[in-house]
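Engineer: Make the full structure from the sequences, and use the hints.
Taking my numbering, the leading residue of the sequence shown gets 3, the next gets one more, and so forth.
No wet-lab data here; the hints were simulated from the structure.
Note that the coordinates shown come from a computational prediction; the quantities given were computed from them, not determined experimentally.
Wrong hints could be hidden among the right ones.
[As the list claims (entries may be wrong)] Calculated lysine to any residue pairs in the SDA-like style (CA-CA distance at most 20 angstroms, straight line):
| no. | residue 1 | residue 2 |
| --- | --- | --- |
| 1 | K46 | L24 |
| 2 | K29 | L47 |
| 3 | K29 | K51 |
| 4 | K46 | N26 |
| 5 | K29 | R48 |
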Amino acid sequence: MLAKLTTKNTNTDIKKITSDDLQNYIKTNILQEWQHDWLLTDNKLRQIKNSVKTWSD
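Structural biologist: Listed below in structure tokens is the structure:
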């Protein structure tokens, strides 16, 4: 999955993706789909964001 992540600048090296880029990607692409399927609560979304932040640090 990480290999598919890119920033708006297609010349950006994959290693330069920041935590914010990753969170934005997850928020706009993955969480939207999950919300339709599972109707996640705000609390659950916060937990996912926190785990992403921890993982990417």
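Engineer: It remains to establish, for every hint, whether it holds in the given structure.
Structural biologist: Do the hints match the structure? See the list:
About 18 angstroms separates the Cα atoms of K46 and L24, which keeps this hinted pair within 20 angstroms; it holds. Distance hint between K29 and L47 is fulfilled; the C-alpha atoms sit about 9 angstroms from each other, no more than 20 angstroms. Between K29 and K51 the alpha-carbon distance is near 9 angstroms, which keeps this suggested pair within the 20 angstroms criterion. Distance hint between K46 and N26 is fulfilled; the C-alpha atoms sit about 16 angstroms from each other, no more than 20 angstroms.
Annotation: proposed proximity of K29 to R48 holds, straight-line Cα distance about 11 angstroms (limit 20 angstroms).
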